[in-house]
Each structure stands twice: as C-alpha cells, then as structure tokens.
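> Each chain, letter by letter, is given below.
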Amino acid sequence: MTTTTAEHHNAAFQSSFDATTGVATLLFAMAGGTNKVDRTMAEGLHDALTWAKAQAGLKGIIIGTAHKNFCVGADIDSLVPLVDAQATYDYVRQLSLLFRSIETAGVPVVAALTGSALGGGYELALSCHRRFAIDDPGVQIGLPEVSLGVIPGAGGTQRLPRIIGIQKALEHIMQGQPVRAPKAASSGMVDGLFATKDALLEAAHAWIAANPKAKQPWDHKGFQFPGPQPTSGDARNIYIGALAMLYKKVGHHMPQVEAVVCSVQEGCIIDFDRALEVEARYFVRCAISPTSKDMIRTFWYHRNAALKGEGLPGLPPEARQGADAGGAPEARGDHKVGWLPKKVTILGAGMMGAGLAFIAAEKGLTVVLKDIAEAALDGAKKHCEDELKKKKHLSPDKAQALLARITFTTENEPIRGSDLIIEAVIEKDDVKHAVTRELEPLLAEGGVWASNTSAIPITHLATASAHPDRFVGLHFFSPVEQMPLLEIIKGEQTSDVTLGRSVAFAKLLGKLPILVNDGYGFFTSRVFATYLMEAAQLVAEGHDPVLVEAAGKHAGMVVSPLKVFDEVTLRLGLHGVEQRERYLGEKLGDVPGITLLKQLVAEGRIGKVAGKGFYDYGDGKGDRKIWPGLRALAIGTPAKTGIDYLAERLMLVQVAEVVKCLEEGILREKRDAEVGAIFGIGFAPSSGGPLAWIDRRGARAVVASMRTLAAEAGPRYAPPKLLESMAEKNERFWS
Amino acid sequence: MSNAFIYDAVRTPRGRGKSSGSLYTTRPVDLVVTALQAIRDRNQLDTSKVDDVVMGCVTQSGDQGQCIARTASLLAGYDFDAPGVTLNRFCGSGLEAVNHAAAMVGSGYFDLVVAGGVESMSRVEMGSDGGAMMDAATEVKLNTVPQGISADLIATLRGFSRADVDQFAVQSQQYAGKAQAAGHFDKSIVPVLDMNGLTLLAKDEHLRPDTTVEGLHKLKASFEMLGKMFALDELTKSTYPEVESINHVHHAGNSSGIVDGAAAVLVGSAAAGERHGLRPRARIRAVALAGAEPIIMLTGPLPATRKVLAKAGMTIGDIDHFEVNEAFAAVPLMFMQEFGVARELVNPDGGAIALGHPLGATGAMLLGTALDALERTGKGTALITLCIGGGMGIATIIERV
Chain A
2 MTTTTAEHHN
12 AAFQSSFDAT
22 TGVATLLFAM
32 AGGTNKVDRT
42 MAEGLHDALT
52 WAKAQAGLKG
62 IIIGTAHKNF
72 CVGADIDSLV
82 PLVDAQATYD
92 YVRQLSLLFR
102 SIETAGVPVV
112 AALTGSALGG
122 GYELALSCHR
132 RFAIDDPGVQ
142 IGLPEVSLGV
152 IPGAGGTQRL
162 PRIIGIQKAL
172 EHIMQGQPVR
182 APKAASSGMV
192 DGLFATKDAL
202 LEAAHAWIAA
212 NPKAKQPWDH
222 KGFQFPGPQP
232 TSGDARNIYI
242 GALAMLYKKV
252 GHHMPQVEAV
262 VCSVQEGCII
272 DFDRALEVEA
282 RYFVRCAISP
292 TSKDMIRTFW
302 YHRNAALKGE
312 GLPGLPPEAR
322 QGADAGGAPE
332 ARGDHKVGWL
342 PKKVTILGAG
352 MMGAGLAFIA
362 AEKGLTVVLK
372 DIAEAALDGA
382 KKHCEDELKK
392 KKHLSPDKAQ
402 ALLARITFTT
412 ENEPIRGSDL
422 IIEAVIEKDD
432 VKHAVTRELE
442 PLLAEGGVWA
452 SNTSAIPITH
462 LATASAHPDR
472 FVGLHFFSPV
482 EQMPLLEIIK
492 GEQTSDVTLG
502 RSVAFAKLLG
512 KLPILVNDGY
522 GFFTSRVFAT
532 YLMEAAQLVA
542 EGHDPVLVEA
552 AGKHAGMVVS
562 PLKVFDEVTL
572 RLGLHGVEQR
582 ERYLGEKLGD
592 VPGITLLKQL
602 VAEGRIGKVA
612 GKGFYDYGDG
622 KGDRKIWPGL
632 RALAIGTPAK
642 TGIDYLAERL
652 MLVQVAEVVK
662 CLEEGILREK
672 RDAEVGAIFG
682 IGFAPSSGGP
692 LAWIDRRGAR
702 AVVASMRTLA
712 AEAGPRYAPP
722 KLLESMAEKN
732 ERFWS
Chain B
13 MSNAFIYDAV
23 RTPRGRGKSS
33 GSLYTTRPVD
43 LVVTALQAIR
53 DRNQLDTSKV
63 DDVVMGCVTQ
73 SGDQGQCIAR
83 TASLLAGYDF
93 DAPGVTLNRF
103 CGSGLEAVNH
113 AAAMVGSGYF
123 DLVVAGGVES
133 MSRVEMGSDG
143 GAMMDAATEV
153 KLNTVPQGIS
163 ADLIATLRGF
173 SRADVDQFAV
183 QSQQYAGKAQ
193 AAGHFDKSIV
203 PVLDMNGLTL
213 LAKDEHLRPD
223 TTVEGLHKLK
233 ASFEMLGKMF
243 ALDELTKSTY
253 PEVESINHVH
263 HAGNSSGIVD
273 GAAAVLVGSA
283 AAGERHGLRP
293 RARIRAVALA
303 GAEPIIMLTG
313 PLPATRKVLA
323 KAGMTIGDID
333 HFEVNEAFAA
343 VPLMFMQEFG
353 VARELVNPDG
363 GAIALGHPLG
373 ATGAMLLGTA
383 LDALERTGKG
393 TALITLCIGG
403 GMGIATIIER
413 V
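So the sequence lines, in the order shown, correspond to chains A and B. Each residue of the first sequence is one higher than the one before, starting from 2 at the first, in my numbering. Each residue of the second sequence is one higher than the one before, starting from 13 at the first, in my numbering.
The hints are simulated quantities; they were obtained by calculation from the structure and are not laboratory data. All values derive from a computational prediction rather than experimental measurement. Yeah, the Cβ is synthetic: ideal placement off N, Cα and C, and Gly gets one too. Possibly wrong hints are sitting among the right ones.
Straight line, CA to CA, 35 Å or less: simulated DSBU-like cross-link-like pairs of lysine-lysine [to be verified]:
1. A/K169 <-> B/K232
2. B/K240 <-> A/K599
3. A/K626 <-> B/K153
4. A/K564 <-> B/K153
5. A/K390 <-> B/K240
6. B/K240 <-> A/K393
7. B/K232 <-> A/K250
8. A/K564 <-> B/K232
9. A/K641 <-> B/K240
10. A/K184 <-> B/K240
11. A/K343 <-> A/K393
12. B/K153 <-> A/K249
13. B/K319 <-> A/K641
14. A/K392 <-> B/K240
Label pairs and their computed distance ranges (CB to CB) [claimed, not checked]:
15. A/L634 <-> B/R170: 25 to 33 Å
16. B/L231 <-> A/L585: 58 to 66 Å
17. A/R572 <-> B/A264: 46 to 54 Å
Chain A on its own, in the form it takes in the complex (with noise of 0.2 Å):
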C-alpha cells in the first residue's frame, strides 16, 4: 500500500518514509523484544526524528512498534543508580525536552498503539497529537510509576491533565493503574480504538493528511483546560479533595504521590515549557528518596524475581507436562509454565473455596468445587456470578465458558482424576486428616495434595497421606481475587518436584509465590499475628485504642490492628495462641492482652460478623466505633505512651518475628521476607519491606530501640541473634 523510498535504522529505531504520502514511519524496534525508554531509546528517538525531519516533503510522521508491545516505560536499571539531584534533573529533562519536540516538530505525529504504553512509553505516546490504539483488551495503557516511588517524569502529570481534565489525570496517575485499551479510548486517554492495524494506520494516514499543522492544545492560543479552569474553585476542591482521600488511606506515607497532585497543581497554572522543569523537579524529588529506592527493590525486583520463581525449584523435563495435555485455549497458551493440571479440585465452598475455583476457571483450568453443604456450593455459585459480572471484557461467551469450567457438587466421584486437589475446609487439624485420607485416593498418579491452612504445620497435616512427598502448602490469601500472594510451604517430606509444580501453579493463576519452609504459622501467619496481638496487648496496657488503631496507620501499615483483629474475629487470636501452645510448646502465662481477648470473646465481642468486637458497629453504613468499655478493662495506666510510641510497638514486634523467621529458616530467601510482608500482609508498602524498614533505621538503632523495648514490655521484642551481629559489624540486609 504504501512505497518506501527511504529507510533509516539505529538501536531503536527502524524508519521508513514515503515519499507519496509523506509520511515518515518510526517503529520502535529495541534488541530483546522490549522497548524501554533508556539512553539507547533517548538517542535512537532523537535521531530517528532528525532523519525524518531532514526528509524533503514530509508531511507527518507515525511513531509505532515493531514489536508486540510499543513502550513498556523507563529501564528499571537506570532509575536504580540515581541519587544524586543535579544528576537525576538532567536525566529526565533531557528525556521531558525530547519529547517536547515530538509535539513541536511542526508536523503531526501520530502514535500508533499496537501494543502496551506504559510509563514513560505512554508520556511518548501523549507528546504526539493523536493516540490510536489497537482494540485489545491485551493492550494496557497508563501512567504507574507511582508504585514505583516516582511521578511520570516526561511531561504526563502536564500533558494529562491538559486532554482529559485535571479530575480524571489526577485520578488516573494517583492510581498508578493502567487500564485497557478500550477503556483507555472511553476516558480520552487515547483517540481512537481500531479493529485492526490496518484501519489504524489508514485512519493515521487520514489524520495526518486532514490537519497539517497539527499542534498540542496547549499551544494553541487561549487553550482552555477542559473541566475546571486550574485556578478556579473547583480546580481547589480536586486537589485538596484528593490529598485528604490520599492521606486517609496511607497518611503521608506516599510522598510520591502527593507529588504527583503538587506537579499538577502547580505546573497547570503557568506556561507548558516551564511547567515541564516543575515535574522534572519534583521528579528528582521522589526518585533520589528512599522510599523509591526501597520500593523499586521491593516491587519491581523483588517482585519480578518471585513472578520468574528465582532461586525456587523448577520442574525436570520428565514431570513436566505440555501443551497439549488439556484445559481450555487460554491455559494452553501456558505450557511454558510447565505443569497443566489438567482438573483442579478445590475442597470446600467457603470464601477462599469460592475465590479459588473462579481464578483457576478465569485461567482456563478445569475446576471441580466441592462442599458437604449444597447451601455453601450455593453461595459459591453466587459468587463466582459476581465475580464474572466486574470482568466486563470478556464476552457473554467467554463468560459462560468460564463458568462452564466449574463443577459445583456434593459428591466425591467427580474429583477422581485430579492433578491437584487443595483443601480449603475448616482449620482443623482432625478434620483435615479425615479430608485427606478419604479424598486422597481420587488423584491422578502423581498427582498433589495441598492444603490451604494458613498456620498449621504442613507436616503434621501430611502425616494422614499416603504420599507425603506430594503432599504441600498452598497458603492463599483473602480475597483470592485481589491479593496476590501465594504462600508454599514445604512439608519436611514434600519433593522438588511437587515444590516446582506449586511454583508453576503460581504462575498460572498469575500468583506471586513466595517459598517458606515449615512450622508453625508459617512465616506470613506468624507475622500478622504479632500486629495484632501486640495491638490487643496495647489496649490491655491501658493505651488509648483510638490511638493504637492511628499509630498503625501513621507507621505505614494498609490496615490499622483493630480493624482488621474484627475483621478475622478475636477468636483467631486466642486460637493462634493454644495452637502456638500445642505445636510449639510456647506457654504464655498471664499476658494482658491474651487476657483481654477472652474478656472481650466471653462477652460474645468477637468481631465484626457479630457487630462488635473491638469497635461497634452501627447498623448498614458500616460506621463503626471504638467500643467505650475498653478502658475499663484495661490494667493500669502506661507511663509511656503518644502514637510514635505505639507505632514503635506495632513495628518492631514485627520486625523482629520476620528476623526471627530468616534465622530459623522458615524463611529461604531474603526477598521473600519483603515481598510475603508487602503482598500478604499488608506490612507498610513505602517501606519496601521488614528488611528494608530495618536497614532505613540501620540495624544499630534497631537493636537498641529493642533491647529497650524488651526490657520495658517483654522479651518478644529481644533482638534476635542475627540483627545483633549485624548490628556489630553495621552490616545491611540490602546494599
């Protein structure tokens, strides 16, 4: 269709332009599959753009990709070494100017989205005067370096806000979420949705053709922001509005995004070029913080390397199996993965049964749910309606296919052949060896057995089955839809080759795996349990409850103590503590706190689904109180207290337990620590981790505000052995 009469290829860059048309054609073309915005991109886009310019006749340029996706945003690796201000200013200036001269260029530029612009990549995509994207809900679009620490640094929080209005921009960039591409095209954020590359690129032509001097909006004369004008009433309401929403839920935990509201508001009331020098500063900000430092290891290292299963074991050829081993399309597209079970029974339709069975049917698997109680199945059901409905992507179809997947029964014959089967009943240790040995049976050869108990010792559990080498752990968490993390724990018994197939069943489900080795609560129940506990403790002390439940918050933590010991009921409390009694002989003896929970249960106050617990709970809306009886049960007065000290108390005993893990082994790597604490448990996301929290303080001041600590409120604070010698020898658990 089109004749190229000339062609100019660098690092980044394959270009061609057509002479008839005039349009100069960029796709972006990096060496390994993936365009990222580094220097290489920086210099091959500059050039790509001279070439293009110096063509006689041109008319416009598309800016594409040669590869499946069109810009994935900034290389990681170069963000990592910045620290250093002048440094960091130049970097992203040199960046924000570049693409300043896409939008300046005189000629009109089109992106052509054929795959994913993120990050940096879609603030390229938004210097051009038209974005148009391919009409696939694989394609993801957005601005998320705010879960990285950072702002978009290119000109997004200034581009943004000028083409869908400050509201939406800010929404969007504060979220950190890119969206589809369809929704994408809804929200403005791209101009065009098109069925096929081709319409795209024939509409691009069209375009280009029609508006020859395309500029940006805002260099237009008198351009007006659409929606609220920034300096006006209701531009302050958005603003103030969205920082008192921010500061509720993460306090000023989040510096980078209130970053992002600052870069907004301020580089929206004066002129584009400078507004650009705003962002980049507040860029440099956020970027040489440690807080991003500390985030970046956390979730993008961290996190990529539990995704790849790094350092956990990976499968043989010989247990491997293929693609063609069963399940829908869409899990078959997954044999890399590994292992394809080719049923999946999941046992007991409670929440987390539920929860299961539609995220293994979501990823194509095919899932038998069974429950004892059709009334359970019933409401499994139900849920995996709901469920379905948020997924508005996928077509009736697809949908009732999905569902289709499922087999909700009473009966035992239909799980007969199951490559897996996880057990998801009550957290009896009884009742889980009587699940075992009856249902066991019914795998394929060399099939799994896992249980989802979230605390009790997988080899104990494993003590019912007939083949304890596949016999493991698949610890998920609540609400299996929304939280990532999978916890495995490996029985004493259980094989490499059973670790490896959970690894690749965590892939499949898109889990993030985390492996731990056994004992007692594992190491992610052992861990929240010390936040809640010391939480009961602290009100038992005679501090103010109001107070614990904001010195949660104010130490970064997702959920304040309370409401989330409600949320569980008390009665897990004192269940953690005769279970800790009975698998390791742990007497506590008279705690106050442990005292409180039974007080408090005895009084039928045992949580949020009996409308009290620690709070009250007013009817419908959800308002709930700090019940006023507390006090009253309170031993004493505390001589020391205030909210720093209160969220001394809530971190540290934490802390300390996730070390205490590492030293025993239960633990097996270091980065699991921080990402099981982050995506389990919600353990202060800003701080990247428990590790990370220490080394920001150095071990040093760790270890002494513990051995205060210990003396004062008990020897659960004691600086394990491991941080002492670290402290010593000043030694960090991350470089």
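Given the structure of chain A, go ahead and fit chain B onto it with the hints provided.
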C-alpha cells in the same frame, strides 16, 4: 510610649452578602467612602492632618484590588495629604488596622489615623483571590482543613453539642434583635446612600431575631459531607489522632453571616485630640497577637487574650465587656469555657451569627459596638478578640475615658 485614644467609631449597616443584598450594587470603595466621610463630618476633621487611612480588607482582588484605602481616601474628598494603606490579616484585619494605628500613634510617629476595614462579600467572593494556603504543596506540609471543620473539631474536643451551638446562635439573634430595636447601634451606624442621596441601607439586615432552636436543628451540618465523604476530617488526625471522629455541628445558622460592610475608627494622640477639639471616648490599653496551631486554627483568641491581659497588667475578671467574634458558635463558647466568663458579658448586643462578619471590617465594628456598650452602661473596660485564618488570634483592650 504615650496613649492612643479612640475619638470616634462609625460603621455602615451590614448588607446581606448575596446578589439580592442591599449593598450589592454599591462598590466596596464607596462603602469605605461612607465611613470616611462620616468620621470627617461628625468630627469636623481637618483631613490634611490625617497621617494615614488604614483599612483592613481580605479579598484584595477585583473590586477590592489595588489599595482600596487610598482610592477611598481620594474619593471621600480627604486631603491629598491623607494617604492610605490596605492590610490583610484575614478576619482580624479590622482590629489589626486599629491596633496598627494605635501603635503608630502610641509610638509618637503619627498623631491622627483613621483605621477600619471593608468587605463586600456579595461582590468579591471569599477565597476568590487564590493564595498559597490552598496549594497542594502547602496542604501536604500543613494538613490544614476548611475553617468549618476546624470549628467542628473545637466543638468535638470541648464537648459542645449541636444543641449547645444552636442555643448560642439563637441567643445571638435575640440579643441583636433587642439591641437593634432599642437603638443600641444608632450612635455608630451611618446609613449608606445612593449617588442621589436616597437610602440604600440604614440598618443591619442579616439578622433574624425570630430564629428558634427547633428551626436551627433542621439544618444539616454544613461540613459533614466535606469531612466524611471527602475525607477532609482525616487530615486533622495528623495532629489530633486521639479524635476518633469529628462531631459536625456547624451550619449557616450558627456560623458568621456573609455580609457587606465597612467601618472606620478615629485614633489619635492626646495632643492631636486637643488640637482638633476632639473629646476622647476611650483609651487603647493594650493590643496583642498570637499564633495558634493551624489545623484547629480558631483557638487564637485564647493565647491572644492571655497576652493582652498580661500586657495590660489585668486579669480576666477586670474586663467588663467582651466582644468575641462569632465566626462559629464554638469560638465564643470555647472562650467562655476557657476563661470562665459569664454569657451575659460576651456579645450582649448579639454578634456575627446574627449581624454578619464582613471579613476586613468586623474587628473595627466590634470595637465600635463595645465602645457604645461601655458608654451606655457606664462600664469601664472592654476586650475585643477575633479568631483568624491560618491560626492566629488578635485582641485589644479599651478603657472608656
């Protein structure tokens, strides 16, 4: 340091601060002119001897931009030699102007100053001048909230219920109604006339003396949605984490009214008074300013009052009459609770809930009201104080002579 005397105080009536208000069609500069001319004419003032015209004005943009005091001074026909300066200390501006004048006179630098303030809230909307206080970067550092939420926070911390604040508001209305009917305001109020001499407004028009507690109880708390749904309440937890939930009690009926008005006070030295044949009405005993925590914002009158009493060598018991600006009902309630002052001594002729609070002018208006009350009752001392945005407080003690 010599004495600064108050020779006269005038104010325009307060018009409703809406486009239907009686003073909506009057330029704010003309409100100032009204006040300035009244001061001149009532005292046969040789305006060439006025050292400065000091006017408080908060939203200094549009109609109230530039230096409204100077423009008004010229338009009022004051001698060219009477300059003008406009100042902004938010809600305290009117009293700030008087305090400023007192300092310039008391120091001996100036002899005669006309000080007061103006605000046309119907024509120049509060907050329309922008400002860095509301920038995102400021908000991130200071966590400040809208004033109404600060007022509700005070009510929550001090245990003022919705019934308490509504009851106070009804009293303000009743006291104002009675005072107006009894002519308590007649000495100081100067009617606003149109260009042809026809009366635009002769009496305060915002008040509703028939207000009932039942009627007020029907109103929704104004800042509840902002505080809860828009999460602005959460910002207060940065400094007040022990407050589990703010009890929202304030609404338009128990908060200061939005109105238009101007005031002027003649301040001078003893010598200037003698020279111009003026009889002093009161002496300024002491002035004070204080800062308060900016999130709770409206507690400034407490430290300001302590400071001004200390400066004057007085105790709270020595004060006969209090004017505590009714920005929100919780403010005077807080004042009375803190200092143990009886209700009948505080705003006995009503306050801003009934009469309105023309931001830049109120401080000077309250001073005139206090002065009239002292003369009428024969009492000796009055303390005027206002809470101020950004967390400030201002206070002045006057003594009838």
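> So, for every hint listed, does it hold in this structure?
For each hint, the structure was consulted:
1. Restraint check for A/K169 and B/K232: the C-alpha separation of about 30 Å stays at or below 35 Å, so the hint holds.
2. In summary, the hint linking B/K240 to A/K599 is supported, as the alpha carbons are separated by about 34 Å, within the 35 Å threshold.
3. A C-alpha spacing of about 29 Å is found between A/K626 and B/K153, which places the hinted pair at or below 35 Å, so the restraint holds.
4. Proximity of A/K564 to B/K153 is assessed by CA-CA distance (about 28 Å); at most 35 Å being required, the pair is judged to hold.
5. For the suggested pair A/K390 and B/K240, the alpha carbons sit about 30 Å apart, so the restraint of at most 35 Å is met.
6. For the given pair, B/K240 sits about 31 Å from A/K393 by alpha-carbon distance, which is consistent with the 35 Å threshold.
7. Proposed proximity of B/K232 and A/K250 is supported: the alpha carbons are some 27 Å apart, at most 35 Å.
8. A threshold of 35 Å between alpha carbons decides the hint, and for A/K564 with B/K232 the separation of about 29 Å falls inside it, so the pair holds.
9. For the suggested pair A/K641 and B/K240, the alpha carbons sit about 32 Å apart, so the restraint of at most 35 Å is met.
10. The hinted pair formed by A/K184 and B/K240 meets the criterion: a straight-line CA distance of about 30 Å does not exceed 35 Å.
11. With a C-alpha separation of about 27 Å, the suggested pairing of A/K343 with A/K393 holds against the 35 Å cut-off.
12. Simply put, B/K153 and A/K249 have alpha-carbon atoms about 15 Å apart, close enough for the 35 Å limit, and the pair holds.
13. Taking the CA atoms of B/K319 and A/K641, the gap is about 33 Å. The hint holds against a cut of 35 Å.
14. Between A/K392 and B/K240 the CA atoms are separated by roughly 31 Å; this keeps the pair inside 35 Å, and the hint holds.
15. One distance hint, 25 to 33 Å for the beta-carbon pair A/L634 and B/R170, holds here, with the actual separation near 27 Å.
16. In this structure, B/L231 and A/L585 meet the distance hint of 58 to 66 Å, their C-beta atoms being roughly 60 Å apart.
17. A/R572 and B/A264 have their C-beta atoms about 49 Å apart, which keeps the hinted 46 to 54 Å range intact.
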